[in-house]
Structure formats: structure tokens, C-alpha cells
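As a plain string of letters, each chain reads:
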Amino acid sequence: MYTVPLPRIGTDVAWRDAAKRLIGAGVSPEDILWDFDNEMGELFATATALPPVTRRIKAPQSFVQMADWVVWHKDPQRFARLYALLWRLRHQPGLMQDRADPELAKLRHMEKGVHRCKHKMKAFVRFRDLRQGGDRRSFAAWFEPTHHTVEPTAPFFARRFADMDWMIATPDVTAQFVDGNLSFHPGQPKPDLPEDAAEALWGTYFCNIFNPARLKVSAMTSEMPKKYWKNLPEAQHIQGLIAGAEAKVQQMRDNAPTLPPERAAKIKRQLRDE
Amino acid sequence: MAKLDLSQKLAILSDAARYDASCASSGTTRRDSRDGKGLGSTEGSGICHAYAPDGRCISLLKILMTNFCIYDCAYCINRVSSNVQRARFSVDEVVQLTIEFYRRNYIEGLFLSSGIIQSPDKTMEDMLRIAKRLREVENFRGYIHLKSIPDAAPELIEQAGLYADRLSINVELPTDNSVKAYAPEKNPVTIRKAMGDVKSRKDVAGERSYTGKRGKRFVPAGQSTQMIVGADGSTDATILGQSTRLYGDYKLKRVYYSAFSPIPDATAKLPLIKPPLVREHRLYQADWLMRFYGFGVEEITASRTDGNLDLDIDPKLAWALQNRAQFPVDVNKAGKEMLLRIPGFGTRTVRRILSTRRHRRLRYDDLLRMGASLKKAQAFITAADWSPGGLTDSANLRARFAPPPEQLSLF
Ligand code: SF4
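Protein chains in written order, with numbering that gives the first Met the number 0: chain A, 0 to 273; chain B, 0 to 410.
Please keep in mind that the hints were generated in silico from the structure rather than gathered at the bench. In this text the structure is predicted, and so the values were computed from the model without any measurement. Just so you know, even glycine gets a beta-carbon here, dropped at the ideal spot from N, CA and C. Check before you lean on any hint, since a few could be wrong.
Pairs of lysine-lysine, DSS-like flavour, derived with a Cα cap of 30 Å [to be verified]: (1) Lys-332(B) / Lys-374(B); (2) Lys-332(B) / Lys-215(A); (3) Lys-121(A) / Lys-36(B); (4) Lys-265(A) / Lys-268(B).
Distance ranges between label pairs, derived from CB positions [unchecked claim]: (5) Glu-297(B) / Glu-222(A): 32 to 40 Å; (6) Gln-60(A) / Ala-383(B): 24 to 32 Å; (7) Asn-322(B) / Asp-253(A): 23 to 31 Å.
Here are a few chain A residues that face chain B, going by a calculated C-beta distance under 7 Å [claimed, not checked]: (8) Gly-23; (9) Arg-98; (10) Ala-99; (11) Ala-212; (12) Lys-215; (13) Met-223.
Can you make the complete structure from the sequences, with help from the hints?
And the structure:
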């Protein structure tokens, strides 16, 4: 029996390394306990040394890519499920093309969940200006991801916001980018971030780009689920916009057409004469 | 008139911009700022940073530079004859808003359009100054979409293409006669010429010169346009026919359909109807079928005699119901083209079917797991363990999909 400890930061590399050794030594899935971030506690803390790397293990590229996503899923069974599929792949090389295999379908579903979470993180992180002076501007955000997505998503922010310092704090893992260097730290409680005047302007934009004649709340919530709202400054306006939409449209209908302003006639004349 | 502050201007000039449907920020070149000398990145598909309660994606800061306008387009809130409050951003204000919103991860970039002030050239020049400042002074590497002014000098539009990821020029209405009737100062010929110029300029940029070097990058995300639906009497066949021409002649990336919706201070010329959202949705579906599923415009619009799409069911289903003789289709044998025509099968499902059936025969449950919508598809397919029997030709098949007719109440 092997108990394999996996760290919260660097989970992907640790899992891949362990899986390679175990598959190489022919250890079957039932003989492995995966312990993420010491969650099993002291009782199982007797980590057995992993088998040495004996030979190069080949796995389909598509499996490796999928595993790189699935390791970040919050499901405690993710490592066992991945390993079980890797185990089957030894004798079923075409398995990855079978889009209807239930085990593979489950993993693909989990992969999709992580994709989505990563995507939502790119979309919904909202930075606040820390106004710290100095050469580089400095921003921070608080975010609550569904899966363990901070680590795989942080490089996106590093590519995009490379000329400023930033921090994305989450209860899971906190990412920090200072002077061009990205680092990860244990998660933390929500920090007190300073107010940022830009949020009011962003709220103004959100309210005015909305067309009350096209109210379609379900289309909004399916893409921007309510669980994200508490960390989105613009979301405080949603209720009011929905409540006032009907009246606004009615008002447009009721207003009789007005007479054109005086300058209209003048401008039109000029245009015609040109 | 009291001076407006930034927030008031933003309110007026985003309110005026919301009738443009596009907020796309996809499909441009990949860029980033890892060198630490600039701000922003673009990586293939754009990101929707928020959704408004109208269900639309908010990806860009979509604003007008000014809503002063000397033209009088009947459907437009900014027309010269409207009494809407007017405002104008300075170059600096637009640049600052874009950069500060971007740094906080609110947006992917800027979509700038404008009412026409003084002259088309003057307007275009001012828009160019904003784009140039963003690119050259702020080193902004995010997305920029400029709505070009069709009557502006070709050199100006050409310059805009060097800064912008996308250019758009709205054809506004589906036929030349409608444009003449509702946008009297606009000229459909000029609009088409401007689109043609952008296309040929982009073609040149894509070619390699004799030294093997590519020309300067020119609107990498291509050009798009918008048509207002429901303001004039055009049928869906007319609209889709126009789109087909636009995609073909000018290699447009997208044609947007915008359901005409009530505007404040409307003119008496146009009725303040409820925006025909379902119709707009069906047009997008039809447009999709023409671009990615190999359907021709005549096939899609043939199911009804009045030239309009069926509002109750989607156009692919409508086509299948009209062409039942071609069904059921065997999912284990049919070619890609025919698989794509099965209602309830998307391009991804079809790809999965083709890859899996190399290994084994497909069953009903397999298709479910591949993401097919079998509620729709089951009447039109056979699989290893499935045959629709008489379902394909049953008289009430359409009724299974169409919503029940509205109950009439006594009054
Ligand atoms: S040119 Fe026509 S559509 Fe454009 S802003 Fe002016 S009135 Fe509106």
C-alpha cells in the first residue's frame, strides 16, 4: 500500500511524477491512497517511499493534457480516477478516442469544470488600486474560485498585467506578481482592500450599456452565476436594473415624439447646401 | 449648459453605444506584455468580463466619442433631430477610462464609435488620435475595435486599420431603399466602397512581398457590420441574402443582427414595437448554419412561403422537417456533411462521432454522452440499437418541438 502526499502548490508536477513511478512499478490503483495537502491527517502520515523511476513511461498526449487540467478539480477522487484511467490505458491504447466511455466521460466532465472555472477567474477577478506610489503601480483582488485554479490561471494575468504589481488572494492559494516574478502562497482570509473610485465609474458603465427593452435575466445568470456576484462591484446594480426595466421602456413608449431642436434645421440646411 | 463630469459623460455616451450588438474581442493576433514594457494581451478567444441583465456579454468598453451628430438616421438615438442630452469625451478621457478599466480587469479593450461632428474626416481623425495614443504612448496591447465613418477619406480608414484589431462599418438596413428612406444622409454605395477598401488593403497585408516579408499588420480580427432587424419591412430571406453577399464580397468576419428596439425620444417615423428578439435569434442561427454547416440561403428560407424563418422552431429543424425523405440517417455510416444536417447535432458532436466510430459502432447512449441533443435528433437517426420507426414521418412531429399555440381567452 502506498500513501502519496500531494502538495497544494505544485500539485500537477507532484501527481505526474508519482503516477509515472507507480505505473512503472506496476502498482495497481487499489493499492494507492492519494493524500492532498495532508487532508487525511496524522493517521495516514506514513508515506511509503515511491518506487524509483525504472523506465520511460508512455501515455497518450491527450491523457497528459487532460490530467494537467483534472488535477486542479476540487473532487477528492480526482487523482484516483486519473490513475485508474492511466492503468486501463496500458492495455487499451485507443481508449482516449472513445468519447462514450463512462470513466473517460466523467474525467472529461471534470476537465470541463476546471476549464470553466479558469475562464471565469480570468473574467471575474476585479483588481483594486493600492495607490502605493513607486515606479510600478500596484493592484490587489480577492477571488473565490470553485476549483484549485489559481496556479494554472495566474500565468495569464502575468502575461497581461506585466507592467504592474498585483496580488490575487483566495482562500485556496494566493498568487503574487512583484517586479515581474510570479509566486504562490497559502490561501488566506479576505484582506481589507482600499476603496477604488474606478468601481463607481465601472458601475455607471454597467448600468448604461444595459438595454432595458431586452431584459433577459436567465441569459445573464447562466454566464455570470450568482455565486460570483459578491465579489463583482457591478453586481450591486443588477436588482435595481431589473426592477426598473419595464417602467423605463414604458416611459419611452409613452413619450410623444418631440419636436426637433432648433439647431437640427440649421445643420440639415448646411448639409444640403454642401 | 452646466459642464458634465466624467461620470455623466460616461453615462450618456455608453447609453448611446448600447445599440451596437458587437462586443467581440476574439480572433486577433496573439500578443502579451511579458517584456514589462506595455499593458495587455490578446489570446485567441476574447473574454466576457460581465453580463448585463439583457444577457449580453460585456467584453469591451463600448462608447461613443461623442453623440453629437449632424446626420438624421430615423432609428438612431443620436440623430440630429433628437432631443437627447449631448456629450463629448476628450481624447485624454477615453484613453484614461480604457487604461484604468483594463488595469482592473473589467474589460478586454475599447470599442469606439462616434456620431459625426463637423465632417466625416474630422470625426475619423479624432478617433484615430485616441487609438494612436493608446498604442504608441500607453503601449496598450489589448483589443481595439473602431467603427469607421464610411465617408471618411480612405487614407484615414487605412491608418485606423494599423491601430485597430477590428474595423466595422454598419450597413444599417438590409436594402438600399431602406437606407435611403431611414438614413437619408448615408449612401449604401459609399458604405460598400469603404468595406471593399478595407478588404483589399487587408488582402495586400496578408501577401508576402518579393522579399518574403509580410506587410504591416492590418485589422487582424477583420471587419464586421451590423443590420437592424424589424425597422423596415425586409423579410428574413432578404436579410440573409444580403449577409451572404457581405460574407462573400467583403470577407466579413461577422454580420450582426440587431433587433430594432425602442429608443428614448423616438421619431414618429418608426413604431416603438417590442424588439423582435426571437427573430434576431433565428437569424443568428441561420447565419451560423450558412457559415459552419454548409447550408445555402435558399435551403434555409424555403420552409415558409413568406420568406421569413419559422419563429417557433430553429431553422435546422425546420429544414429537416421539410426534407424528411433524407432521414433517418445512420450515424455509423453517414458522411460528415449529412451528420452536420441532423437537428440536435453540433459541430463538436459530429467530430466526436467521426473519431469514435473508427473504433466501434455507436449506440444511443453513446450519442448522449457525446453531447448530442437526442430529444431533437432521435426522430432523424438510426444507431446500433436505435431506429425511429414511424417517428420520422409522423404527422405530428413538428408539434413535438413547437411550443403549443397560445390559449385564447374569452373577453
Ligand atoms: S450617423 Fe446616423 S446612425 Fe450614426 S450616430 Fe449619426 S444619426 Fe446615428
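These are the hints, each one checked on the structure:
1. Lys-332(B) / Lys-374(B): 21 Å, holds
2. Lys-332(B) / Lys-215(A): Violated, at roughly 41 Å.
3. Lys-121(A) / Lys-36(B): Answer holds: Lys-121(A) to Lys-36(B) is near 22 Å, not above 30 Å.
4. Lys-265(A) / Lys-268(B): The given pair, whose Cα atoms are some 21 Å apart, holds under the 30 Å limit.
5. Glu-297(B) / Glu-222(A): 32 to 40 Å: 35 Å, holds
6. Gln-60(A) / Ala-383(B): 24 to 32 Å: 29 Å, holds
7. Asn-322(B) / Asp-253(A): 23 to 31 Å: Taking Cβ atoms as reference, Asn-322(B) and Asp-253(A) lie about 47 Å apart, which means the hint is violated.
8. Gly-23: At 27 Å from the nearest chain B Cβ, Gly-23(A) fails the 7 Å test, so the hint is violated.
9. Arg-98: 4 Å, holds
10. Ala-99: At about 4 Å, which falls below the 7 Å cut-off, the nearest Cβ of chain B leaves the hint on Ala-99(A) intact, so it holds.
11. Ala-212: This hint holds: Ala-212(A) lies near chain B, its Cβ roughly 4 Å from the closest one there, short of 7 Å.
12. Lys-215: 4 Å, holds
13. Met-223: Since the shortest Cβ distance to chain B is 4 Å, the answer is holds.
When held up to the earlier numbered hints, the structure conflicts with 2, 7 and 8 and fits the remainder.
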